[in-house]
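J.: Sequence:
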Amino acid sequence: MYEMSPRKRAHRTTLAAFAGLTVAAAATVGLADTYAEAPQLIKRVASGELPPVAERLPKNPRVLEPLDSVGVYGGVWRTGSKPSAPTWNLRTVGYDHMFHWSADWTGVVPNIAASFDVSADAKVYTITLREGMRWSDGDPFDTDDILFAYEQVFGHPDLAEFPGYLRSGKESPAVIEKVDAQTFTVTFERPNASFLEGMAQVTTQIGGDALTKYPAHYMRQFHPAFNKDGLDALVKGAGTSSWADLFSLKADTWLNPDKPTLNAWVVRVPYGSGNQVVAERNPYYWKVDTQGQQLPYIDRVVFEIVQDPEVLLLKALAGEIDMIATMVNTVANKAVLFDGREKGDFDFFELIPSDSNLATYSFNQVHKDPVLREVLANKDFRAGLSHAINRQEIIDLVFIGQGTPMQTGVLPSYEPLYNEQLAKQFLDYDVDKANALLDKAGFAQRDDDGWRLGPDGQPIEFAILTRADKKFMADSSLMVVEHWQKVGINARVDIVERSLVRSRKNANEHDVIIEDFPGGARDAFLRPTPWVPMHHNAAYGIPWYDWHRGREGGTEPPAHVKRQLELWDQVNSLAEPAEREAAMREILQIAADSFYTIGIVVPKADYGIVSNRMKNVPKQMHGSYWFAPPGPTDPPTYYFVDGKNG
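Oh and the sequence shown: position 487 is 487 in full-length UniProt numbering, straight run, nothing missing.
In case anyone wonders, no lab produced these hints; they're calculated from the structure. Treat the hints with care, since some could be wrong.
[Stated by the list, open to error] In silico SDA-like cross-links for lysine to any residue, where the CA-CA straight-line distance does not exceed 20 Å:
1) Lys-440 - Gln-485
2) Lys-178 - Asp-117
3) Lys-59 - Asp-137
4) Lys-379 - His-560
[Stated by the list, open to error] Label pairs and their computed distance ranges (CB to CB):
5) Asp-593 - Asp-232: 55 to 61 Å
6) Glu-131 - Thr-34: 18 to 24 Å
7) Lys-562 - Asp-180: 39 to 45 Å
8) Gly-155 - His-217: 55 to 61 Å
We put the CB at the ideal spot given by N, CA and C, even for glycine.
Using the sequences and the accompanying hints, generate a full structural model.
T.: Structure, rendered in structure tokens:
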């Protein structure tokens, strides 16, 4: 008997659907009496290197129903990645959290969890793990690992902060308590309706795997609570500056191949070892298909590490990339890839867009400079600059005509939260309107060169901080600056490395930043950063966020922002779907009335490419950063025809 988790069955994360109920991972179905495994693992069992497959699997493995057909073992999934920020890696090799998004993005499904129970007030979650589940080195995985992460990692001042989903609003972290080896409870001071959604998220920082990424039996040796006498020698041997740095290094799946994992593939060749990252099948992986075959089907995943996307494009055209939806899947490349499909033996799959905008300009309304603060916080000033932008020209030249002019807002296709004012106001290209609004803002006076003067009598000057690794951002910003200069605003573009953008923004040392934001669909409930400063990424008001969280350097926001932050806390605590939507709609209406940011374009459907030999890959999947494609579509069930990728 196995526990079956059909890919389309999801538990809606609007808690009214299951509050007060116990939810099992799925219905139970009868399958074969024995398990099967990959040929390479059969050899390792025969040699005594591994125990039999039935002993490596939990008593209730998660059963994945393949999309099209039961697969065969073998092959190497060839793909690519950047030298840093391995988001694509996390979505492919690394998407195994306590809970997953369902493939249709209607809710979450238990994954590492076998079942869960939610109290009627959404304050207490009881989660049961899979009995007999093991880390990739064969050691047991149980609630002691959860407690280690909670108490010794997030509960330690020198290590990581508690993930946001383990809090409810500004309240203290949830309390996690062990019930038995497979069961633990998570108790919040206030209702936390978004807890399960948080555990399904993928980020390169503290993602939804935060409680399941620290194997206690391995990580204890790098923690002073467990290895006080021997830790100094380990720190010295590794060349790190502190035990905390050593701990973080050893906890990084992509840098440390010795760290056990729960993922389908285990990193064997890490970042920094050359121009490839290689991950091999996990012999203790805890999922099977509907015939009892242990997953994954594919033997290895190889990431080509390249700085120049052109290298991956050439490999794709030569048929040397099996599946990818990063770096090469640009608007500019689509025509080239379309023409090269037959020779490269690949085809497209569609990524349903949910970006709220590809080019959002966030104006720092809490600027350290009082003069720029007054200028950038002026709504008429921002509205005037918005009318000065020829969006269609930018779309035609930068985005090859692929996009729709729109402010940064929830997409019309997501009707529950769509706000027409937010999406369409100040959108038309009209230089007369732009000049009139800039005059109305109080900046009618100009110097001899035609530059508008600020409240200090000096020309208004500011920089658009732009990431060097995203060419479309630089190209868009260079055109925007030309448009703004035509109405008397002396802006410039400052193109810098991604890390410098982040550090300047975090220090509130920026004027205007261009960013691409998700949040155009149901992910608006997850990270509505463009409309409410609920995260440190809200570049228009980072000190407001700091104030809300009680952090040093915070600035008390105006009343309308306080109201938004109050509503955001409600969104995370309300159990009724209608009440959550109502709170979000009010947040978005305040954002529409405030006009914090200027948007340029929302995308048409995005795409990825997949080898014609690779099966069980959906022709269409959601493309949101927060959905993390292709992770929720079950990559362990992907396979190659005849077990060969070429």
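J.: Is Lys-379 close enough to His-560, meaning Cα to Cα at most 20 Å?
T.: Answer holds: Lys-379 to His-560 is near 14 Å, not above 20 Å.
J.: For the hint 18 to 24 Å, verify it against the beta carbon of Glu-131 and that of Thr-34.
T.: 19 Å, holds
J.: Against the 20 Å threshold, does the CA-CA distance of Lys-178 and Asp-117 hold or violate the hint?
T.: With a Cα-Cα distance of about 15 Å, the restraint between Lys-178 and Asp-117 holds, given a limit of 20 Å.
J.: Between the beta carbons of Gly-155 and His-217, is the distance compatible with 55 to 61 Å?
T.: Hint violated: Cβ distance 19 Å, outside 55 to 61 Å.
J.: Range hint 55 to 61 Å: satisfied by the CB atoms of Asp-593 and Asp-232?
T.: 57 Å, holds
J.: Straight-line Cα separation of Lys-440 and Gln-485 no greater than 20 Å?
T.: 18 Å, holds
J.: That 39 to 45 Å hint for Lys-562 and Asp-180 (C-beta), does it hold up?
T.: 44 Å, holds
J.: CA of Lys-59 to CA of Asp-137, is that 20 Å or under?
T.: 18 Å, holds
Violation of the numbered hints given earlier is confined to hint 8; every other hint is satisfied by the structure.
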